[in-house]
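Student: Residue numbers (this note's numbering), protein chains in the order written: chain A, 1 to 102; chain B, 103 to 596; chain C, 597 to 1070; chain D, 1071 to 1707.
There are no misleading hints in this set.
No farther apart than 25 Å at their CA atoms in a straight line, the calculated lysine-lysine pairs in the PhoX-like style are these:
no.: 1; chain 1: A; residue 1: Lys26; chain 2: C; residue 2: Lys748
no.: 2; chain 1: C; residue 1: Lys744; chain 2: A; residue 2: Lys26
no.: 3; chain 1: C; residue 1: Lys959; chain 2: C; residue 2: Lys1034
no.: 4; chain 1: D; residue 1: Lys1611; chain 2: D; residue 2: Lys1456
no.: 5; chain 1: C; residue 1: Lys748; chain 2: A; residue 2: Lys88
Which bits of chain C does chain B cover? Going by a derived footprint, with three or more residues having C-beta under 8 Å, they are:
no.: 6; region: 970-978
no.: 7; region: 981-991
no.: 8; region: 998-1005
no.: 9; region: 1010-1022
no.: 10; region: 1053-1062
Simulated from the structure, these hints should not be mistaken for laboratory data.
Cβ atoms here follow ideal geometry from the backbone N, Cα and C, with glycine treated the same way.
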Amino acid sequence: MIKLEFYLVISTLMFFIGIFGFITRKSMIAVLISLELVLNAVEINFAAFNRFLFPHQLEGMFFALFGIAITAAETAVALAIIINAYRKLGNININDASKMRG
Amino acid sequence: MNILLLFVFIPILMIGLLFLTNSMKTIRSIMVAGATALLALSIVLVILFLRERAIDPIAEMLFISSWSWYAPLNISFTVGVDGISVAMLMLSSIIVFTGVFSSWNMNMAKEFFLWYCLLSIGVYGFFITIDLFSMFMFYEVALIPMYLLIGLWGTGKKEYAAMKLTLMLMGGSAFLLVGIIGIFYTSGHVTFNLLEIANNLHIPIEHQRWIFPATFLGFGVLGALFPFHTWSPDGHASAPTAVSMLHAGVLMKLGGYGCFRVAIYLMPEAAHELGWIFLILTGISVVYGAFSAVVQTDLKYINAYSSVSHCGLVLFAILMMNRTAMTGAIMQMLSHGLMTALFFALIGLIYGRTHTRDIREMGGLMKIMPFASVCYVIAGLASLGLPGLSGFVAEMTIFVGSFQNAGVFRTVLTIIACCSIVITAVYILRTVGKILYGPVQNEHHLHLADAAWYEKISTVGLILAIVFMGFYPSGVAEMISNSIIPIIERLAGV
Amino acid sequence: MNFSNFLLMGQETGLIVVVIILFFCDIFSTGKTAKWFYPLSIILFSILTLWGFCPKPEGEAFGGIFVTSDMTVLMKNILNIATLLVFLQSYRWLNSKEQSEEKGEFFIITLITLLGMYLMVSANNFMMLYIGMETASLPLACLAAFNKHQEKSAEAGVKFILISALASAVMLFGLSFLYGAMGTLYFNDMSLTVLNNPVTIFGLVFFLGGLGFKLSLVPFHLWTADVYEGAPTSVTAYLSVVSKGAATFALIFALFKVFGSMDIVWQNIIWWLSVITITLGNLFAIRQKDIKRFFAFSSISQAGYILVGIIAYNAQGMTATVYYILAYVFSNLAAFAVISAVENQSGKTSIAAFNGLYKSNPKLTLVMMLSVFSLGGIPVCVGFFSKLFIFLAAASAGQYVLIFIVVLNTVISLYYYLLIILAMFIKEPEESAVATFKSDIYNRIGMLICVVGILAVGLVSGIYSYINSLNWVI
Amino acid sequence: MEYSILIVITPFLLFLFLGLVGGKLKPNVAGLIGTLGMGLCAVLAYTVAFQYFFNVGKIGESWSQIVPFNFVWLKFTDLLHIDLGVLLDPISVMMLVVITTVSLMVHIYSLGYMKGETGFQRYYALLSLFSFSMLGLVVATNIFQMYIFWELVGVSSYSLIGFYYQKPSAVAASKKAFIVTRFADLGFLIGILILSFYTKTFDFASLTANDAELVTTSFAGGTFMGLSLATWALALIFMGGAGKSAMFPLHIWLPDAMEGPTPVSALIHAATMVVAGVFLVARMFPVYFFAAPDVLTMIAYVGAFTALFAAVIAITQTDIKRVLAFSTISQIAYMMVALGVSEYGGHDGLGYMASMFHLFTHAFFKALLFLGAGSVIHAVHSNEMKDMGNLRKYMPITNITFAIACLAIAGIIPFSGFFSKDEILAAAYHNHPAIFWTLWFVAGLTAFYMWRLYYSIFWNGDKKYDGHHKPHESPWTMAVPLVILAVFSIFSGLIPFANFISSDNMPFYTHIDWKVASLSLVVAVTGIFVARMLYRKASTKPAEIAQKMGGLYTASLKKFYMDEVWGWVTKTVVFRYICEPIKWFDRHIIDGSMNGLAWVTQKSSTAIRGLQSGQVQFYTWFFVAGTLVIALLVLFL
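The following block holds chain A by itself, in its conformation from the complex:
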């Protein structure tokens, strides 16, 4: 039997790996992918909590579903904006998007 703790460890690992990727990757696309990791960690959490702790209702599952949908929308918008940025910056290196500072 896989216990709740395992799910949680996995999800936390995913969360921080995602954050790490978000902070370190140079390509905006890679950053987006890292973000997916973070979000998926959350979905795992919800699903796991629901399954293990509150098995009589499906709130967590629903939340996970909504989360996935919204994540998809988010990615779509982000990609569109990245394309827009690519037109202006000429590349998608995230370090180049730092003209405004101070």
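Fit chains B, C and D to the known structure of chain A by using the hints.
Tutor: Using the frame of chain A, we list chains B, C and D on its own:
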């Protein structure tokens, strides 16, 4: 309709009218008419007040009206006056009136007078209200126009000075705000009404211990309390004439009045307990300001430091907490307001002609502009406490009153404060000797004109007030002294 | 399915109808009718705004996931007014050569974000809140990148979408913990079971992080300045006022309804957040050269003030906070009206561009002056009253030290607000100074509303009393 | 006697009138108005004096205090209030006579002396102001009224010394006079405060009544630094008197005050204002005697030292007005000594009477000396002795009247000075021999330096004056006052003063103590004789003697460096070591800390700018790190 509201409505009306016009002539007429109306109103108020007071000698405040404002917070707009506020209103009117004439030839006159009116709204509003909330509101209304008045029409390091002045005073009002909020919640019933707090409620001593310093300090900054006085020299030096007049003449009095009306009145226990700290600070102010003035070379700096010294005396006397000293404090406010306004009017007059305020570059002005010079001498004599002029009666009342306190500490401080009269003589005579007497320093000064008619109106008006107070002090003193009784009773009841 | 649920969602439904109408108008408008699109949008939205003031039913819908009360209606109305003011300011920008084709998109996207904010305000369930937040954030990223021809705008879009996505991920992470701790996401149920345990605290902090992003609280604020600077001015105005207002309302409800029993924990957090937010915002603001960036930091410190109101955790605090937002709407949007007028005229957004503005455009200057005075808390502008009321609220909870720190910070904030005054009134204009010009009628109406708001909302005490009368029980 | 108030009011009205519209009048008209007004005052004063001394003043055996006019001017507390009023008693009536007489003489004299000066009207206005203040001072009913007029006297003296305001030396002198006396007045004020704190009254009558019972009882026991508080209070009050009356070491202003017009010197700095200190002590004499006898002793010693000190300086001065100034200091010191050595009641109070007597006679002969000197200066346009000599041929009236005055001050019988000085010496003789011998010596010095002065001006060779600057006798406006004052100087000594003025207001009988009188006559004649030998003819003998005296001569010429000492105290100590450091402290420490706050804010603003790096990934890192830190802080704190 309460007569007191007119003090706020007339300047508002003036602002409205000023917005509509652009011609210099109309602007001047509006200002003169308005200022005259305010002056007349003050005189009427004095008369009415005395008559009402004769009918009702017990009531602490007269002409009380109250309008509920923020009902959920129990905030109302309450007006009312006692002898002290009446005196302060009179002072304000005189200075507003004379200030108008002193700024006869301003550039951008419309804007200048707009701000000027706003400033006077703040001042008048502060004196007529007896509600901490509206008091604080008007207090800030009075502070903020200073920034633009100095920044736009000032001279010298005006931007720096304006910013410094505004920020320091606002810093003071930060303390004040915290104190007022503290009073609001700790008095036992949420209310801002001064009379209600004073008569029916009581702030517990453990709260007084922090509210008293906060409010006293907050108002004290405006009253040029050492060591928070440094806005005053720079600010006054840079400000245009009428603004210096109004600021030193009236606005600094807001500080003393507030210390008196809020800090001491509402928190007598803490005043007894912690008063000594501030007494030392004010004692330092008195002597320190005078010593600093001795070696200044800029006329306005001299006067600003002199104000530090004189206003220090106001706070000093308030903290002595007996009837005579407090009467003296209020009289000193009036006296200092009048004479310092006169000083600034004359300095403005001189500066407008010689284009310098450095006393080393002037000399022999008595020969060139006798009228202005004689007025300057009179102002100087008033400042050093010559009998027959207002300074003497105020200072003597303070000294005699302060001396009535038992205890070596207060006696010694009084004696130290007394020493300021000698130092005052030193810097006043030094200034007078340098700029008015002696040979003419600068050839170009020989062709300068004496005071113009509008300048004469402003200086003569102030001198008349100074002389009136110097000759007939008992009328003023009585009106003030009667209003101090409730405060003394509260202090004594501790 | 009970359709009466939709009756409770009157404002949302109205908004959707407006969006659909505008959508079709935009699609079918031709070159000739295109010029009517802007007035039409304004009129439609004004009608919606006015309609918001009609009495509305109160109640819960969809099993308690959505709640509406007079308070939420009022909050939405405030958001409506703010949005309307933003629309009024955007006329010249939208009719400029580059933007004229995209008017419709601007309105539609903006209104959809507004819909998201409605949902945030009315949310009575964390999922609803989350959906509302995402509906509000994602289109906002598009709006930030709306000036397609500008590199800055593109950069702002990237920054906004990435950080916003991360923020929502962090918040979700927090929510998952909350869910794990309590087994439900309904506010009403959660408040019954909430316990002060580490999991809940983790959840709470992560949730605060997500909302803190929208409110731009320190340390979640770093995107603010860059996005504000890069985004089109109208969008910046929208971000700084409407988005922030909605987040505040959501935060109030979440904290008050759900975490009421662990108030000591979040009050501590908010205490520190508020102090560092105000201080850091102020410190950054004092040396900004670009006026939009300047207002970004100003709005950061304003967010700190908002927290001061929330910290009271009582009805007074609630009233003061809502009132503060209302005051903030008028004050900040007045400033942005002037900024966008100047920007559209001269293309400049540096503070130096405002040097000597008084000589060329006195009326604009007066509006700006009132605005910064109000933001700085100078009477008789509404900002004075709103600040005082949040202080009073905080004091009613005994937070004197906080008030003292915050009030001292007001002095710093006054310093930089006075720098604007200094530039406009005292500094000599540069060679390429802004010439005298006339702003368009819409912007002028907008400014007029702002000025009236700044002057009247404070002095007319009825507004405060009304907010206070919406007896919202904790 | 209500009309006595007019004596005070008239000069005030004159001041207002001349001050406000004087500039529009012709100088002569203004001068005449002033003079006539003063004449009216004089007439009134004489009437009052006559009525007081011969009609109403004496009740039973003693002179009464009459208060014809009094009102509360400013109320401090129920007990303490400043009244303004008129108090008539022997000394105040005597002072009224002296002041109005000398003032009238000076008014007349100035018509000629000041003719053609710019500011003639202003001059008369200020003279009126001074007369007003001085008269108000002497009739004061309470100590605070006295203080008020004391200050007014100071300021009118200030304005008159600085009358030639374009002359830097005059400006400096006026400033010095005011500030030095102001400093002394500080003591006076504090003394009043202490006194009134314990006695709860300012009123002279209450203070002095019943052998100053009020003071002696109310001060019971308080001490400070080993001295009783009453002593402190009265010593401080004396400090005020010492300042006005130019007692050592506060005398430095008086010689410089000679920068003013000479008639002013005659009126203010010889006859009237400078004796205010003496008058003050006399007014409070019972208080001093019963409450603080130590202070009286101190007064005596201070006076004796000052008398000697000033006389020694007077010997070497070459400016004729300065000689007179130091002579004034010396003579006032005599009066002070007389008060100091006096006891109370009857013949024991001889010193008190002698002091007043000397004040009376001195006023006339010193005013005469000054006016005579003015006449000389008017003629030769110089103050320096070396520019004079042989003037007796040119100015006979001046010469004779000046000689009369010199005889009077030297104390030669039967001139007025002899009688008053004799009483002083007699009073000192019995109680304080050391003081007596000092004064005796000073009497010799006085005779010597006065006659040195006289011979130097009017004899001393046969100096010729060339045509243009040929000296001539003064016009009648100046000569008449000289003659009148000369008459006073001769005969005023014959008044039986003890009948009118005594310490306890009871007339008593005095006689000339011939032992003392002969001693003083001998020394006076010796002094005159020595002066005659040295200065009657132009010779080098004085210079040789000066050479021999060496350091002592130089020290005396330099006034024993007192100006330098005070200059060091003010310039170096006050200005450089107090004011300048305070100024620096204010600008750099106080103001600097305020600016420092702003600086710190700006600096920290710059220091944290790195946070806003523009890098999304840094922002994210900060975001997440911040969240985690907060969470951990909440969990573990």
